[in-house]
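With chain A's structure known, arrange chain B on it following the hints.
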Amino acid sequence: MAHGPAKGITRWLFTTNHKDIGSMYLWFSFMMFFLGGIFALVIRAELFEPGLQIVEPEFFNQMTTLHGLIMVFGAVMPAFVGLANWMIPMMVGAPDMALPRMNNWSFWILPFAFAMLVSTLFMEGGAPNFGWTFYAPLSTTYAPPSVTFFIFAVHIMGASSIMGAINIIATILNMRAPGMTLMKMPLFVWTWLITAYLLIAVMPVLAGVVTMMLMDIHFGTSFFDAAGGGDPVLFQHVFWFFGHPEVYIMILPAFGIISAIIPTFARKPLFGYASMVYATASIAFLSFIVWAHHMFTVGIPLVGELFFMYATMLIAVPTGVKVFNWITTMFKGSMTFETPMLFSVAFVILFTIGGFSGLMLAIAPADFQYHDTYFVVAHFHYVLVPGAIFSITAAVYYWLPKWCGNMYNELMGKTHFWLAFIGLNLTFFPMHFVGLAGMPRRIPDYALQFADFNMISSCGAFLFGAAQVLFLFNVLRTITVGKKASDEVWENPEGLEWSVPSPAPYHTFSTPPEVR
Amino acid sequence: MYKKAIQQYAWLLGMMVCTLASVALGATDSVERWGLNMTEGVTPLSKEIYGLHMQIFWWCVAIGVVVFGVMFYTMIVHRKENGAKSSNFHESTSLEVAWTVIPFVILIIMAFPATSSLIKIYDTSESELDIVITGYQWKWKYEYLNQGVTFFSNLATPKDEIYNRVAKNPNYLLEVDEPLIIPIHKKVRFLITANDVIHAWWVPDLAVKKDAIPGFINESWAYVEEPGVYRGQCAELCGKDHGFMPIVVKAVPENEYDLWLAEKREVAEKIRALTEKTFTFDELYERGKVVYEKNCVSCHQANGEGVPGVFPAIAGSAIATGVVNNHLEIVVNGSSKNVAMQAFRDQLPEPDIAAVITYQRNAFGNNMGDSLQPIDVLNYKNK
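Residue numbers (the UniProt record's numbering), protein chains in the order written: chain A, 1 to 516; chain B, 1 to 383.
Excised from the complex, chain A in its bound form (with noise of 0.2 Å):
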């Protein structure tokens, strides 16, 4: 077996092909982001309209616990890792990542993670129901059982983590092709070297974290027990030492696909590179002193409330240069709007409005009614699903003819885009409204004047998931049916994953292309 992939079920097991890896990484993030959908349309069935109709307040705490878990750790940094690991051989001439054998074990510990993570529905007192914060003591003293599942299965999800990002940052810096500088490199590859290095040092701060919980839980300790001597608040300012970069973890990657997509549908080169990288690097570095501005009510002085509030405000400016350099991309270009980019587009308005809602909340006394409150619901999913889940979404669409070799349906991809921009936008639109109205978040149960934005919210819940079988279908044709695609795909798009045939050979640049 010289250069074909083995036979069966041992081809995906033994692997150490980055295409495989890779495509492993994406349906097992497609799996979770399914299931974490499941869970979320539980929260909307129940939250369709006031009284409790359909699940009880315990149950549905379990939902918004793992919803935010499972799309998080499951769902969005899985997917970025698949596509790192399609892509970035590819986009810099390497033979695969530099590590292969690490590369399988980091995807294979993953399912085992989430097994240990689902299987605590099933367990007596039920899933967590902390909410993917958990904060302690709610998360400790007040846990369920299960929670040293939970712990055990964060620590394994780091560990893949940490072991995906060594991984890209060693195939980058050391596997680049003759010629491709590091300011030659395309912006995807970029912004993974940048988030792997985000992901390198915070993982471990999660570890920290979530030890300390198993600690104060089963051997005695009080790290967040204040009868002990212990601080809760030190439990949220660790875990959103780690929370905050996670945060730019789950959309960096999404600002390099972008940066790939915009250029070829406006036939025109991206705008302002070098700016690009320099704020993609701003922005990792302004990540690491932000994060209490998840905490602004916990009580921190009032000075360190100031400098909380500056620095959060500073994230704008490099997030503004972005969007800015992506219409500048667009303007005076020649523009179509194929799927990745009708996508791509509506990564760029959608991800400016989470930006000013962003904007709204760094604002600290403003923040004091905004806290906890539907508005940072909807803030949090206007960055994180027109955010993550469209470039993940744009991403596909753009490279699946490659990985495949067969074309998706167009008007199928149009349609799927327009569902989901339509639901998403009833999703989460209205909780800006209600939030601001003053209804809490993580409640099963609510007021009645917020009862009939709860509707639309569900409706929109609703149609946006519906749309995503639809995407599921569609690369299901595609990859079995699909029309055969063009080594090229798109009309002259830039980058050496171009170069190849469509499909990509199971082994690409066995001899390193030359970069001019």
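By construction, these hints were calculated from the structure, which means they are not laboratory data.
Where a beta carbon is used, it is the ideal one built from N, C-alpha and C, also for glycine.
Warning: the hint list may mix true and false statements.
[Stated by the list, open to error] To spell it out: a stretch of chain B is covered by chain A in this simulated footprint if at least three of its residues, at any positions, have a beta carbon under 8 Å from a beta carbon of chain A; those stretches are:
1. 61-69
2. 90-103
3. 114-128
4. 191-198
5. 209-222
6. 306-319
Below, chain B alone, put in the same frame as chain A:
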């Protein structure tokens, strides 16, 4: 093909407009629906915060109009199908500098009023009344510092409304048995803490939201200008009934406040006197049923069966059908095994503890036939 797709979108859009319109027309009850914006509130600070909110909002709108304006212009004009030829420019240092500096300046303009408001919010000095607010799973305790008045505030919405067996009243989930009463035109300082997990005390009209953290005391304050009833909710996930621990603040003129305070003290005196009284079994049972439904039912459930794996049953339990002192112990001092079982030592007066234990030992098929008197509880506490 496309024409058909467009027709389908139009149909979908039409359906949505119809739904929206019908929902809007159907909303005729006394609840103020379709609330779109933050409340201005009733304190000088809440109005200032509202002003900040609107200021940053209009900045966002202005930036949005410019950015999306250019974006939509280019998406309409620079299309391949309209014969647009693509240019090749891809760099401009002056543009990059411009769109770095301009947002920066806007941020500085915003930072000034935000800073000044924040300084005012943090100034909790010179208060005229101090109230200690303690979050419990799932109720609030209000203690008027140095006034001798302490009480708990529980959700007052009946289960029947929550489970859709009867129509919901306009204050559904935003009503309590005993509201917090504060005088208007006084600087009231809130000292906020918690007994178990982290809660957050939030009343939008006062623009006060502060986390209630066990082992810590946070400070906040309000100066209410208009009498009225202001409703809020717990704003930090605190477990099962996080959505069911509302806050109601009633702001009244000072003389009315003084009257209320005197009345509260009198009631407390009466309850103290009851400790000496000897109750009949039926009195205890009836009183206990009321206490149970207010304090125990959210975990142990109305039928005493609890929630398997989370909250133990009382029906047929070893404690409720065993030695009475063990029963007293867990109610008075809480459980060391399951932290969700709180210590009711300071939460309930002696007559209520005696009554609820009597009730639990004789309801849900528990037929112990025994009863407790308030004085027994007092003696146990002092032991």
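Hint by hint, here is what the structure shows:
1. 61-69: Since 4 is at least three, the answer is holds.
2. 90-103: It holds: at least three residues are needed, and the region 90-103 of chain B offers 8 whose Cβ sits within less than 8 Å of chain A.
3. 114-128: With 7 residues closer than 8 Å to chain A, the region 114-128 of chain B meets the three-residue bar; holds.
4. 191-198: This one holds; 3 residues, not fewer than the three required, reach chain A with a Cβ under 8 Å.
5. 209-222: Our answer is that it holds, as 9 residues pass the Cβ test (under 8 Å) against chain A, meeting three.
6. 306-319: Since three or more residues must qualify, the claim that chain A covers the region 306-319 of chain B holds, with 4 doing so at under 8 Å.
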